[in-house]
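Keeping their order, the protein sequence lines are chains A and B.
Going by the working numbering, the first residue of the first sequence is number 1, and it counts up by one from there.
Going by the working numbering, the first residue of the second sequence is number 1001, and it counts up by one from there.
Possibly wrong hints are sitting among the right ones.
Simulated pairs of lysine to any residue, SDA-like, Cα-Cα distance not exceeding 20 angstroms [as the list claims (entries may be wrong)]:
#1 Lys266/A x Asp48/A
#2 Lys1151/B x Asn279/A
#3 Lys283/A x Lys1095/B
#4 Lys58/A x Ser105/A
#5 Lys136/A x His247/A
#6 Lys275/A x Ile1223/B
#7 Lys283/A x Ala1081/B
#8 Lys275/A x Ala1081/B
#9 Lys275/A x Leu1091/B
#10 Lys266/A x Glu50/A
#11 Lys283/A x Met1028/B
#12 Lys283/A x Lys1163/B
#13 Lys1163/B x Lys1124/B
#14 Lys283/A x Tyr1218/B
#15 Lys283/A x Ile1148/B
#16 Lys1095/B x Thr278/A
#17 Lys275/A x Ala1084/B
#18 Lys72/A x Ser112/A
#19 Lys275/A x Tyr1218/B
#20 Lys275/A x Thr1085/B
#21 Lys283/A x Asp1149/B
#22 Lys1095/B x Leu1123/B
Here are some, though not all, of the chain A residues that point toward chain B, as calculated from beta-carbon distances under 10 angstroms [unchecked claim]:
#23 Ile276
#24 Phe277
#25 Thr278
#26 Asn279
#27 Thr285
#28 Ile289
#29 Arg292
So these bits of chain A aren't anywhere near chain B, every CB distance computed over 10 angstroms [stated by the list, open to error]:
#30 Tyr56
#31 Val121
#32 Glu146
#33 Gly156
#34 Lys158
#35 Glu165
#36 Asp239
#37 Ser290
Quick caveat, the hints were computed from the structure, so don't treat them as lab data.
C-beta: ideal position from N, C-alpha, C; glycine also.
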Amino acid sequence: MSSNSPTTTMDESIPTVQTDEVVVTPAAASTSQTSDKVARLNAPTVIDIENVDFHYGKNKALHGINFPIKEKLVTAFIGPSGCGKSTLLRCLNRMNDLIDGTRVSAGSIKISGVDIYHPSVDVIELRKRVGMVFQKSNPFPKSVYENVVYGLRLQGVKDKARLDETVERSLRGAALWEEVRDRLHTSALGLSGGQQQRLCIARAIAVEPEIILMDEPCSALDPIATVKVEELIHQLKQDYTIVIVTHNMQQAGRCSDVTAFFYMGKLIEIDATEKIFTNPSQKQTEDYISGRFG
Amino acid sequence: MTNPATNIPFSNGPASEQIANIRQTLLMMASLANRNLALAMRALVERDEKLAASVEAEDSQLDELEITIDELVINHMATHAPVATDCRFMLVASKISSNLERIADQAVSIARRSIELNKEPLLKPLIDIPRMAQIAEGMLRDGITALIDRKPELAQEVVKRDKEVDLINKQLARELLSFMLEDPSTITRALNLTIVARCLERVADHCKNIAEEVYYLYAAVDIRHERTP
Chain A
1 MSSNSPTTTM DESIPTVQTD EVVVTPAAAS TSQTSDKVAR LNAPTVIDIE NVDFHYGKNK
61 ALHGINFPIK EKLVTAFIGP SGCGKSTLLR CLNRMNDLID GTRVSAGSIK ISGVDIYHPS
121 VDVIELRKRV GMVFQKSNPF PKSVYENVVY GLRLQGVKDK ARLDETVERS LRGAALWEEV
181 RDRLHTSALG LSGGQQQRLC IARAIAVEPE IILMDEPCSA LDPIATVKVE ELIHQLKQDY
241 TIVIVTHNMQ QAGRCSDVTA FFYMGKLIEI DATEKIFTNP SQKQTEDYIS GRFG
Chain B
1001 MTNPATNIPF SNGPASEQIA NIRQTLLMMA SLANRNLALA MRALVERDEK LAASVEAEDS
1061 QLDELEITID ELVINHMATH APVATDCRFM LVASKISSNL ERIADQAVSI ARRSIELNKE
1121 PLLKPLIDIP RMAQIAEGML RDGITALIDR KPELAQEVVK RDKEVDLINK QLARELLSFM
1181 LEDPSTITRA LNLTIVARCL ERVADHCKNI AEEVYYLYAA VDIRHERTP
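Turn these sequences into a full structure, and let the hints steer you where they fit.
Following this line, the structure appears as structure tokens:
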């Protein structure tokens, strides 16, 4: 295999691209902890990315990206700036459609078996299923309450009991309820940066998505707020499939189950996070995570 | 600068400098441990008391280097959070330095025994003990070569040689026991030689440990305690 070929067969602890069936070796399952991890890595595929090319005008930003994203796992995309990780993330809920001259020029992205770029797909419905949290928290200039129920109001929900229930459930889910329960009707802009980011996560989960995309969600947060968001990611994966783009190697190591390394628009390697950070298969991956280039 | 293996821009930042520094200190330590062991053996074979005394005097250098390496390792881990090979190197560097320090301690014990042995005539010609020392020194040299040249297969081969030293040690212990049973006046000398052989057997054990660590560093597979790769 050339150094630029994606490592898609990976080791025994992570499924191959071609099949969901994985043979768990006795060595891999030698402890119950390892066994649990292996079992989780064998989860069903939720997003199937197949040979995706992507263009910004004439510039090809993604080259034949091909791998599955597994249910209720945290998958981290890492790589130097301009490697295509955020582009791929934004392909997963068609956020790139909002940029003129961009297109998925080859391949397909299927969520639960449905090609999300098929003309019949309702993009609004897709983005409801695939929520997104951005690098910089972007609460609307409204109250905490109105921020959380914004998506439901767009859907025409007017039932106050349902809205109240959603606010509490979402804020609890985003580990923010105890901090804001007494100020639900004050401006969201008065919250701290970390609280605002968790509010955005609450807003994302209020519409009950299946998948949450996070584009460097902690890059503007201090270490304490970062820990809270990371703890939240850990809790959220009980219910959601999470894909996170991060420049913080330690964050990828701490938060994710699977890590994919990209370089110059290509997938170089994808594997269990522990494998990537202890013994990656590709020299390029090791050089990057060790801080030797970039 | 470009990484020749991947053709990717390569940076030599403070992390690389710190790793190079730990590596350099480790090599200096290995060189001193090897030298002290060789000096102790020369002191024994040539019955040179001054040489024996010098081995003990130089041991403190290795003690200090062991502490230096642990400081460098902890500083690097705290400030750079190394991963993959770099992370394994931190663990391995600390363990190898500990083994090198113990090899030097064994050299001191051999030197002390040689001073005792020099007070009396030789009990028997020294054949097995120099052979053990030769194998152990070769294990140390090749273990460090495997570290420098990134050769896990050489490290694996070093591990196997430990059994040869164990075997000679057992044979020699039996032979020296027979001396003591036949003639109690030989007990002091026979015991001192037994201790020297035991020291060399331990040196070989430490060399085996080093080789296992080197194998783990480059192959990312733990072969300690007879675990096969």
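Consistency of the hints with the structure:
1. A threshold of 20 angstroms between alpha carbons decides the hint, and for lysine 266/A with aspartate 48/A the separation of about 16 angstroms falls inside it, so the pair holds.
2. This hinted pair checks out: lysine 1151/B and asparagine 279/A have alpha carbons roughly 17 angstroms apart, not beyond 20 angstroms.
3. Only pairs whose Cα atoms come within 20 angstroms are accepted, and lysine 283/A paired with lysine 1095/B is rejected, the gap being roughly 25 angstroms.
4. For the proposed pair lysine 58/A and serine 105/A, the alpha carbon gap of about 11 angstroms is at most 20 angstroms, so the pair holds.
5. For the hint linking lysine 136/A to histidine 247/A, the alpha-carbon distance of about 14 angstroms falls within 20 angstroms, and the restraint holds.
6. The suggested pairing of lysine 275/A with isoleucine 1223/B holds, with an alpha-carbon distance near 18 angstroms, which does not exceed 20 angstroms.
7. Pair hint lysine 283/A plus alanine 1081/B holds up; C-alpha atoms about 19 angstroms apart against a cutoff of 20 angstroms.
8. The straight-line distance between the Cα atoms of lysine 275/A and alanine 1081/B is roughly 16 angstroms, inside the 20 angstroms bound, and the hint therefore holds.
9. Between lysine 275/A and leucine 1091/B the CA atoms are separated by roughly 17 angstroms; this keeps the pair inside 20 angstroms, and the hint holds.
10. Taking the CA atoms of lysine 266/A and glutamate 50/A, the gap is about 13 angstroms. The hint holds against a cut of 20 angstroms.
11. With a C-alpha separation of about 29 angstroms, the suggested pair lysine 283/A and methionine 1028/B falls outside the 20 angstroms cut-off, and the hint is violated.
12. The straight-line distance between the Cα atoms of lysine 283/A and lysine 1163/B is roughly 36 angstroms, outside the 20 angstroms bound, and the hint therefore fails.
13. A distance of roughly 24 angstroms separates the Cα atoms of lysine 1163/B and lysine 1124/B; the hinted pair therefore is violated under the 20 angstroms criterion.
14. As the CA atoms of lysine 283/A and tyrosine 1218/B are separated by approximately 13 angstroms, the hinted pair is consistent with the 20 angstroms bound.
15. As the CA atoms of lysine 283/A and isoleucine 1148/B are separated by approximately 19 angstroms, the hinted pair is consistent with the 20 angstroms bound.
16. Straight-line distance between C-alpha atoms of lysine 1095/B and threonine 278/A comes to about 18 angstroms, which keeps the hinted pair within the 20 angstroms bound.
17. For a cut-off of 20 angstroms, the pair hint linking lysine 275/A to alanine 1084/B stands: about 9 angstroms separates their Cα positions.
18. Proximity of lysine 72/A to serine 112/A is assessed by CA-CA distance (about 13 angstroms); at most 20 angstroms being required, the pair is judged to hold.
19. Between lysine 275/A and tyrosine 1218/B, the direct Cα distance comes to roughly 15 angstroms. Compliance with the 20 angstroms bound is thereby established for this hinted pair.
20. In summary, the hint linking lysine 275/A to threonine 1085/B is supported, as the alpha carbons are separated by about 12 angstroms, within the 20 angstroms threshold.
21. Taken as a hint, the lysine 283/A and aspartate 1149/B pair is honoured in the structure, with Cα atoms around 17 angstroms apart against an allowance of 20 angstroms.
22. The hinted pair formed by lysine 1095/B and leucine 1123/B fails the criterion: a straight-line CA distance of about 38 angstroms is larger than 20 angstroms.
23. Below 10 angstroms, beta-carbon pairs count as interface contacts, and isoleucine 276/A has one with chain B at about 8 angstroms; its hint therefore holds.
24. The beta carbon of phenylalanine 277/A comes within 5 angstroms of a beta carbon in chain B, closer than 10 angstroms, and the hint placing it at the interface holds.
25. The beta carbon of threonine 278/A is positioned within 10 angstroms of a beta carbon in chain B (closest approach about 6 angstroms), and the interface hint is therefore held.
26. The beta carbon of asparagine 279/A comes within 4 angstroms of a beta carbon in chain B, closer than 10 angstroms, and the hint placing it at the interface holds.
27. Contact between threonine 285/A and chain B, as hinted, is supported at the beta carbon level, the nearest pair being about 8 angstroms apart and thus within 10 angstroms.
28. Taking 10 angstroms as the C-beta contact cut-off toward chain B, the hint placing isoleucine 289/A at the interface holds, the least distance being around 5 angstroms.
29. Evaluation of the arginine 292/A hint against chain B yields a held restraint, the C-beta minimum of about 6 angstroms falling below 10 angstroms.
30. The beta carbon of tyrosine 56/A is kept farther than 10 angstroms from every beta carbon of chain B, the shortest such distance being approximately 23 angstroms.
31. Interface exclusion of valine 121/A from chain B stands, the closest Cβ pair being 38 angstroms apart, more than 10 angstroms.
32. In this structure glutamate 146/A is separated from chain B by more than 10 angstroms, as the shortest Cβ-Cβ distance comes to about 41 angstroms.
33. Separation of glycine 156/A from chain B is adequate, the least Cβ-Cβ distance of about 49 angstroms exceeding the 10 angstroms criterion.
34. Separation of lysine 158/A from chain B is adequate, the least Cβ-Cβ distance of about 50 angstroms exceeding the 10 angstroms criterion.
35. Against chain B, the non-interface label of glutamate 165/A holds: every CB pair exceeds 10 angstroms, the least being about 42 angstroms.
36. For aspartate 239/A, the requirement that its beta carbon stay farther than 10 angstroms from each beta carbon of chain B is met, with the minimum near 30 angstroms.
37. For serine 290/A, the requirement that its beta carbon stay farther than 10 angstroms from each beta carbon of chain B is not met, with the minimum near 5 angstroms.
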